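K.L.:
Sequence:
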Amino acid sequence: MNKSQWRTAAMFLMPYGVVFGIFVLLPVLYGFYISLHKWHILAPKPEFIGLRNYKLVLSDDLFRIAFARTAFYVAMVVPLGNALSLLLAVGLNQNYRGTTFYKVAFYLPVVMSVSVIAILWRWLYSAEFGIINHYLSQIASLGHQIAPAISPAALKPQWLNSPATAMPAIALMSIWWGAGGNMLIYFAGLKNVPRELLEAAEIDGAGPWRRFWTVSWPLLRPTTLFCLVMSVIASFQVFGQTYILTGGGPYYSTLTIILYMYQQGFGLYQLGYAAAVGYLLFGTLLICTLIQFKLLAVKQ
1033 MNKSQWRTAA
1043 MFLMPYGVVF
1053 GIFVLLPVLY
1063 GFYISLHKWH
1073 ILAPKPEFIG
1083 LRNYKLVLSD
1093 DLFRIAFART
1103 AFYVAMVVPL
1113 GNALSLLLAV
1123 GLNQNYRGTT
1133 FYKVAFYLPV
1143 VMSVSVIAIL
1153 WRWLYSAEFG
1163 IINHYLSQIA
1173 SLGHQIAPAI
1183 SPAALKPQWL
1193 NSPATAMPAI
1203 ALMSIWWGAG
1213 GNMLIYFAGL
1223 KNVPRELLEA
1233 AEIDGAGPWR
1243 RFWTVSWPLL
1253 RPTTLFCLVM
1263 SVIASFQVFG
1273 QTYILTGGGP
1283 YYSTLTIILY
1293 MYQQGFGLYQ
1303 LGYAAAVGYL
1313 LFGTLLICTL
1323 IQFKLLAVKQ
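Counted from 1, the sequence shown has number 1117 at position 85 by our numbering; the numbering is strictly sequential.
Since the hints were made in silico from the structure, they are not lab data. Worth double-checking, as some hints may not be accurate.
[Unchecked claim] The calculated label-pair distances, taken between Cβ atoms and stated as ranges, are: (1) S1145 to P1111: 24 to 30 Å; (2) R1039 to G1130: 50 to 56 Å; (3) V1143 to E1079: 21 to 27 Å.
[Stated by the list, open to error] Within a straight-line C-alpha distance of at most 20 Å, the following computed EDC-like cross-link-like pairs (lysine to aspartate or glutamate) qualify: (4) K1188 to E1160; (5) K1070 to D1092; (6) K1223 to E1234.
Note that the coordinates shown come from a computational prediction; the quantities given were computed from them, not determined experimentally. Cβ coordinates follow ideal geometry from the N, Cα and C atoms, glycine included.
Model the full assembly from the supplied sequences, consistent with the hints where possible.
P.N.:
As structure tokens, this is what we get:
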């Protein structure tokens, strides 16, 4: 490119560059600057303490609990959510009537606010009048009639009120909420699979599952990488579900990293400490992303 072309390219990129610099780059750099200070929002002047905030965070038992709970959430949501999205995409890729309706129905929850979804599922999870426990109690009553040893209340979990079921319940809600987004991405990937390869495999006698595993699935590797990376990033940043449904309880069983950072920054006004938590999360996501690219990236 000559100087004139460089100048023209710079002119077109300048508006985006200005917006990116003001609203993304500067806040990122300023956030790191805050993380190096003991920065209480009511203090007259922040105190520079270097990396001490990071040492305090790593030695904080509550942060370790939040990290473990978040990792548990990610381990449930990412594989199960992507498996469900892929299954839906494969089903909708068939030439059946009404697939357009199901595409809209499965994708509709994605465009809804987390507040709406969380309030809806809070009613569903209600131990007293929730529809989930209602049907579970019906099943338990039927089982009691067949086997009197089964208690009618055996299938009435407390869901959000029990440390054993609170995080799985939130994970189940998140899987349902986000399945439609990755479903469309997998569906687009399936549409890009060359029809000739599938027809050749069919001529060779491969059945539907054989064609999927030997032809479609290997060609979906870039799509799978994208969905996994974005799912891990989104899952590590879970906040709205736990904030609205449980507030981190009961007994810190649903305390996540972002919720912990929010509590430190806007509850205790420790902005420097909260910023350090955020940058440790950024480092974790960077390492996870690099590992996924190493394992799943398509080799040229």
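K.L.:
Give a verdict on every hint.
P.N.:
Taking the hints in turn, this is what the structure says about them:
no., hint, result
1, S1145 to P1111: 24 to 30 Å, "holds (26 Å)"
2, R1039 to G1130: 50 to 56 Å, "holds (54 Å)"
3, V1143 to E1079: 21 to 27 Å, "violated (45 Å)"
4, K1188 to E1160, "holds (9 Å)"
5, K1070 to D1092, "holds (16 Å)"
6, K1223 to E1234, "holds (17 Å)"
The structure is inconsistent with hint 3 alone, although it conforms to all the rest.
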